[in-house]
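Q: Each chain is listed here by its residues.
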Amino acid sequence: DAKTTQPTSMDCAEGRAANLPCNHSTISGNEYVYWYRQIHSQGPQYIIHGLKNNETNEMASLIITEDRKSSTLILPHATLRDTAVYYCIVRPYNNNDMRFGAGTRLTVKP
Amino acid sequence: DSGVTQTPKHLITATGQRVTLRCSPRSGDLSVYWYQQSLDQGLQFLIQYYNGEERAKGNILERFSAQQFPDLHSELNLSSLELGDSALYFCASSVGQHSGANVLTFGAGSRLTVL
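Heads up: the sequence lines are chains A and B, in that order.
First residue of the first sequence: 1, per this note's numbering; consecutive thereafter.
First residue of the second sequence: 1, per this note's numbering; consecutive thereafter.
Hints in this document: simulated from the structure, not taken from any laboratory.
Accuracy of the hints is not assured; some may be wrong.
As the list claims (entries may be wrong) - In silico BS3-like pairs for lysine-lysine, Cα to Cα no more than 30 Å straight-line:
| id | chain 1 | residue 1 | chain 2 | residue 2 |
| --- | --- | --- | --- | --- |
| 1 | B | K57 | B | K9 |
| 2 | A | K3 | B | K57 |
| 3 | A | K52 | A | K69 |
| 4 | A | K69 | A | K3 |
| 5 | B | K9 | A | K69 |
| 6 | A | K3 | A | K52 |
| 7 | B | K9 | A | K52 |
All of these numbers come straight from a predicted model, not from anything done at the bench.
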């Protein structure tokens, strides 16, 4: 399984875009990139996922490099409620065990 | 409210005891996943069931067991409890059996404290 590397922590100013990077240089062709987040002690929440094309939904955008070795999650206008731990996960589409790493602790500041 | 219901929310017990955590998945979801989150271990995948059958097993101790019932609710049984079992236990559910192909919806968790 591909391993992911994320910064331990990041800060972002409220109202600005938050760009969270993730390196997954050993990603295989059948593996997708998933992003979940966990707001303090709550259950994790799905954000977005993608294979090779950029994806956008009401929560965020996912930018995957052409070689698929890294990706960036973009929260376009961060709010204080976006303060959370963000997990980047690389798994095959048909896997049964979504496994979480250490993630990036994003702090949105006023 | 995510639609995934976990009970109890909090549980305090002593070492050596046995507890059962319960999870009711979102309506229509057939898969249930259990995760353990302790301060020093992060979020650890334990086990997954799909429509009553075990589909994947992670770092689940032999002292722990789980099952999914015909009405699709699931129970996680923790026995011979140790101090290190103190953690948040999360249940998640999804429509299909593949966690990659389906969004996982998590419950609010059950906080277990072993004294």
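Q: Decide, hint by hint, whether the structure agrees.
A: Status of each hint after checking the structure:
no.: 1; hint: K57/B / K9/B; result: holds, 24 Å
no.: 2; hint: K3/A / K57/B; result: holds, 19 Å
no.: 3; hint: K52/A / K69/A; result: holds, 10 Å
no.: 4; hint: K69/A / K3/A; result: holds, 11 Å
no.: 5; hint: K9/B / K69/A; result: violated, 40 Å
no.: 6; hint: K3/A / K52/A; result: holds, 17 Å
no.: 7; hint: K9/B / K52/A; result: violated, 39 Å
In this structure, the earlier hints numbered 5, 7 are contradicted, and the remaining ones agree with it.
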